[in-house]
Amino acid sequence: MTHQLIHQITVPTPYAVGDVHCYLYMGEKVTLFDAGVNTEEAWEAFQQQINAIGLEPSDIKQIVLTHHHPDHTGLIEHFDQLEAIYGHPLTDLWLKEDCEYFQHYLAFFDQLYDRFDVPHQFRKIDKTVENAFKYQGNGRLTDTILEGDVIPGLPSMTVIETPGHAQSHLSFYDRESGSLIAGDHLLKHISSNPILEAPLVGEEERPKSLINYRKAMKKMKDYNIQEVLPGHGETFHFNEKLIDHRLKRQEERAEHVFEYIKEHRATPYEVCQYLFPKHYEKQFGLTMSETIGQLDYLEAEGKIKSYTEEGVLKYSPCKTLSY
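When we follow UniProt numbering, the leftmost residue of the sequence shown carries the number 1, and every step to the right adds one.
Since the hints were derived computationally from the structure, they do not count as laboratory data. Check the hints yourself; a few may be wrong.
Unchecked claim - Distance ranges between label pairs, derived from CB positions:
#, residue 1, residue 2, range
1, Q111, E255, 27 to 33 Å
2, K248, Q81, 43 to 49 Å
3, K278, A300, 25 to 31 Å
All values derive from a computational prediction rather than experimental measurement. All C-beta atoms in this analysis are idealised placements derived from N, C-alpha and C, irrespective of residue type, glycine included.
Start from the sequences and build out the full structure, keeping to the hints where you can.
Shown next as structure tokens:
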């Protein structure tokens with residue numbers, strides 16, 4: 001138990017990240033925040049742990065999802081008696097496997113990787129989507145929520161939009177306890193990867209994940225957070241110095257990228273190879289996401305500029321800078 005009103009439930013996942021946490025909130029309505037991954041092992045572990053605190057799955061009246069990733073949505077289909085499932089509008093597109101959105105999603109990455117000059121052996125976004133569908137829950141949201149909305153039965157809970165790791169990401173601040181149900185927004189030992197995502201259908205510009213993530217981290221200083229309840233790893237006491245440290249580390253990595261670009265007019269793929277020489281082949285999606293985040297940040301800071309040469313995106317230092 002992390003708080004008299006909040007119980008941590010931990011279930012296994014098939015992913016390298018390891019176990020994932022869900023949180024039971026014993027308020028006016030018994031509410032489950034996040035729902036693990038869709039495997040028999042996760043469901044068995046979930047049932048055992050809620051039984052140990054005197055509950056059955058049928059006691060849970062609503063589910064609130066922090067974001068759309070499959071290790072946080074998987075078990076929703078096991079709760080037939082729910083009154084509601086809440087989450088970000090983008091989460092609903094994933095849960096219902098919206099055909100128009102995913103045709104757009106795959107086409108976007110195909111074109112984007114052309115511009116990034118990514119070799120075809122690393123273009124596995126279709127496999128990533130298939131894997132998400134395999135382990136996520138089948139269903140859809142009954143209601144969508146955004147910043148400032150009030151969740152029924154949870155009057156002390158504040159909904160905070162925290163995009164970055166996922167553009168669908170929401171965090172939930174409990175004013176009574178000072179606890180933040182953080183999903184993957186804040187973890188104790190590592191900074192979450194700002195995942196590269198497609199824009200919504202009808203939008204042209206992709207989300208700038210790292211820039212959004214930095215803004216969302218800074219926003220945490222506006223709340224009197226005492227304890228962080230993360231999706232992975234240990235719970236921990238909140239300290240603003242953690243935010244400052246994470247931001248500084250990102251800036252240091254960006255400076256490392258900048259030093260490279262001062263000497264090499266490079267494609268995103270070349271920068272990714274430089275940043276992650278030992279990891280980019282086996283973890284291409286994650287390493288490319290991190291790479292693009294750094295490039296977006298440097299461009300927003302006015303240190304580098306992008307240009308297209310024979311259909312390929314390249315980056316160079318801004319000439320107005322003195323070194």
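Right, here's what the structure says about each hint:
Checked against the given bound of 27 to 33 Å, the beta carbons of Q111 and E255, roughly 30 Å apart, stay inside it. For the hinted restraint 43 to 49 Å between K248 and Q81, the CB-CB distance of approximately 47 Å keeps it satisfied. About 28 Å separates the C-beta atoms of K278 and A300, a value consistent with the hinted range of 25 to 31 Å.
Violated hints are absent here; each numbered hint is respected by the structure.
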